[in-house]
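Enquirer: The whole structure should be built from the sequences, with the hints applied where relevant.
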Amino acid sequence: MTEQKKEYIIDALSEIEDVYIAEAAEYQKPGHTWKYWREFVTVAACVATVVVTAAAWQYLPIGRNVALENATGAEKEAVTGNMAVPESALDQSGTEMIAESAAATEGVEVEGVQSVEKLEELESDKNGVRLEGAEKETAQAEDTGIIEGIGGGVNDALYSRNIVWEVVYDSREDKSNQAVSKVEQAIGQQESQIEAGWKETENPTSKESTSITEWRSAEEIFAEGRDIFLGKVKEKYIFRITEGMSAYFTVLTVEVEDGIRGRLSAGEECTIYLPVAAGENIIQDSSISEDLTMLEVGSRAVFMPKTASEESGKGKDSVWLCYADFADYYFSEGMRYLFLETEVGVSYAEDVYDISGEGAVTLERVVKYIREMISE
Amino acid sequence: MEDQKIIELFFARSELAIQALAAKYEKLLHKISFHILQDQEDVAECLNDTYLGVWNTIPPKRPNPLSAFVCKITRNISLKKYRFNTAYKRDASLEVSLEELEPCIPTPSIEEEWDVKELGRTINRFLQTLEQENRVIFVRRYWFSDSVGEIAAEIGMSENLVSVRLKRIRKQLKMYLEKEGYRV
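Keeping their order, the protein sequence lines are chains A and B.
Using my numbering, the first residue of the first sequence is number 1, and each one after it goes up by one.
Using my numbering, the first residue of the second sequence is number 1001, and each one after it goes up by one.
Don't read these hints as lab results, they were simulated from the structure.
Everything hinted at is true.
Cβ-to-Cβ under 7 Å is the rule here; a few derived chain A residues that face chain B:
id, residue
1, Ala12
2, Glu15
3, Ala24
4, Tyr27
5, Val344
The calculated lysine-lysine pairs, modelled on DSS-like cross-linking and capped at a C-alpha distance of 30 Å, are:
id, chain 1, residue 1, chain 2, residue 2
6, B, Lys1171, A, Lys232
7, B, Lys1080, B, Lys1167
8, A, Lys368, B, Lys1179
Restraint-style ranges between C-beta atoms, simulated for each label pair:
id, chain 1, residue 1, chain 2, residue 2, range
9, A, Val47, B, Gln1128, 43 to 51 Å
10, B, Leu1052, A, Lys232, 55 to 63 Å
11, B, Ala1044, A, Glu243, 52 to 60 Å
Since this is a predicted model, take the numbers as computed values, not measurements.
Built from N, CA and C at the ideal position, the CB exists for glycine as well.
Expert: Okay, here's the thing in structure tokens:
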């Protein structure tokens, strides 16, 4: 940088208005008080644990046994007549269970957790199998009803292995505050995970990683044959993988406005997996995710995602996150396959695409350009 | 102490005015100056000059906001000293932040008349389009020359998040300037 330009930048920055300088000098993030009410949240979490434990207790056979111990003969008969109570719970084990229940009612968190685990065991035993991996996901999805809302056919196509996940953000309910701290914490985990050798691949059995940063010309990119469509983000979900690996990802529901190439046409909806998680005070991204983190509900863009199949995903050893379980399409990077409309124009890879014409580039011009390119 | 009371002390020509000003702003002013000069002695000199400048300006001026007023005085004095020093310190925070911003700012050429004040006004209009948090991050980084780590600690974000935001803001600035007719 020349001295002339340096002086020029310094002088231009010196023109920044007082109001912005004062704002920056005096700014304190509202969330800065977090450390003061963190204790309150901790206490609230403990209270919630106790409440959940108590609620779970109501449904446990052992919980009912406590009531039975105190019940009169007629009451006992009335209750046992309407429920399936293991004999062991009423006889030999009864005493021990009452002792456990007394410990649990002391309000000790550990006992509460143990009780919930017992509940899970009992439910698993009742079903005859303990759920593992994808089966466990299916069960969770059905329990919560989350999956049904993010796109069709997900429940029918579970290819992931040994992965358990949860939704931490749902744009329909805007649980942004809930997602913030969790996703913020994920940044370091994601980095360490990359170091640990997680690979993205087209083949779950392959250990080879496909190169997604190799330079390609516009012609080569369009020749990949990906579906291309202009659309608007309708819904956004952030997922957290709780078992198998530590990672967050996003699934978007996109309403198609113009199907430029491929199977989609205007009015249809599709879902897209993003390897990032971004929202208010949320970020998990990489050096190649670029504008993927800027996709929000209402964002308009031209999308060129890859079609998700049972072989597209990422994982290591026995753990496999299959994108097709969550979305119809996926992005590995946001540098060259997205043309995002922003307040100040369309953001895209200007070094790859030569969209000629005067004035600011619009999505309509992008669509025209792509149509010309793919028709050649 | 509230800014208004500090100003009243200056108007009353009370020596307590300098003490009150230093108590409230010295940490911030020291940081601004140090990011530019990277030398404690130079910084101390600049802070003394700042207090003297404020003493000589108030009254008659009654700056509002006071924070921006004193920050600007410190920055201007520090930049003057920075330019005076023949050996620029290439690792100064100012250098780093300018290098970062350089690709987003048009290069002045001989053929074209460059009005730096107009560019400044355009940057102000751009700042107006940003959300408050992003605006604060931008100003902290490129006006105050704060490091990414300092910004992160100050506003309660991770360094990674601040870096990503800055990258995104720079990209937006570049697009905004192009839209306004600048050739970046």
